[in-house]
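J.: Be aware that the sequence shown starts at 1, since it is given in UniProt numbering, and climbs by one per residue.
Treat each hint with caution, since some may be false.
The following label-pair restraints were derived from C-beta to C-beta distances [stated by the list, open to error]:
| id | residue 1 | residue 2 | range |
| --- | --- | --- | --- |
| 1 | Gly164 | Val44 | 35 to 41 Å |
| 2 | Asp55 | Thr87 | 18 to 24 Å |
| 3 | Asp123 | His163 | 49 to 55 Å |
| 4 | Gly184 | Ile33 | 41 to 47 Å |
| 5 | Gly184 | Ala74 | 30 to 36 Å |
No lab work stands behind these hints, which were simulated from the structure alone.
The structure presented is a predicted model; accordingly, all values stated were derived computationally and were not measured.
Note that beta-carbon positions come from the ideal geometry of N, C-alpha and C, so glycine has one too.
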Amino acid sequence: MVKTDEKRNVLRGKVLDYVEGQIAAHGLASLNIRDIAAAVGCSVGTVYNLYADLDALIIAANSQTLHALDRHLAKIDHDNRDKAPLTRLLALSHAYLDFVVANRNRWAAVFEHILPPDGQIPDWHLQEHYALFRYIEAPLAALKPISRQGCRLLARNLYSGVHGIIFLGLQGRMPILSQDVLRGQLRLILTAFVRGYCADTTL
Numbered sequence: 001m002v003k004t005d006e007k008r009n010v011l012r013g014k015v016l017d018y019v020e021g022q023i024a025a026h027g028l029a030s031l032n033i034r035d036i037a038a039a040v041g042c043s044v045g046t047v048y049n050l051y052a053d054l055d056a057l058i059i060a061a062n063s064q065t066l067h068a069l070d071r072h073l074a075k076i077d078h079d080n081r082d083k084a085p086l087t088r089l090l091a092l093s094h095a096y097l098d099f100v101v102a103n104r105n106r107w108a109a110v111f112e113h114i115l116p117p118d119g120q121i122p123d124w125h126l127q128e129h130y131a132l133f134r135y136i137e138a139p140l141a142a143l144k145p146i147s148r149q150g151c152r153l154l155a156r157n158l159y160s161g162v163h164g165i166i167f168l169g170l171q172g173r174m175p176i177l178s179q180d181v182l183r184g185q186l187r188l189i190l191t192a193f194v195r196g197y198c199a200d201t202t203l
């Protein structure tokens, strides 16, 4: 039984590694179960025994991407933990940009993957998304007193702005911008936010 479980886990890892590689190289559109099975040397049925469906496999791959992003942000956060809140926010935004540029297809898959109408994102996967906001919440809380709930909401709003700048700047829906230009835009929006937020006594 132990050996069977070990073999199953090894095969699960092979399948996931292949899918991660395919997403990184070719994006979500390149994935289908038949090709995955052929690549790892097993049957289509075996893949479905390892993962419920292609959506579950994509979620598993996206989970790995979120963990990689978490590790990347953790290092930047640690290196800047004693600096001013704005400096920390800028460092995090630039780190996010660097990760996106280095992992464009993997990053895109996190946001492009859409479940069918009857599908539901697993709670554990949602929590992986939410956990990343802690890096933004810490410097925000250092700016001025704010409730925990208010800080979480503010972090999500601020992330949405940063994400939008990077997404529109890199995805080609509008003229593609260089990393230097994007860094300048991130600095502009974050500096304006911090100054306005600290000056507004109604917030």
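J.: Could you see if the CB distance from Asp55 to Thr87 stays within 18 to 24 Å?
T.: 40 Å, violated
J.: Gly184 and Ile33, beta-carbon distance inside 41 to 47 Å?
T.: 44 Å, holds
J.: Does the Cβ pair Gly184, Ala74 satisfy 30 to 36 Å?
T.: Hint violated: Cβ distance 26 Å, outside 30 to 36 Å.
J.: Does the Cβ distance between Gly164 and Val44 fall inside 35 to 41 Å?
T.: 39 Å, holds
J.: Kindly confirm whether 49 to 55 Å is satisfied by the beta carbon distance between Asp123 and His163.
T.: With a Cβ separation near 22 Å, Asp123 and His163 fall outside 49 to 55 Å, so the hint is violated.
Violation of the numbered hints given earlier is confined to hints 2, 3, 5; the remaining hints are satisfied by the structure.
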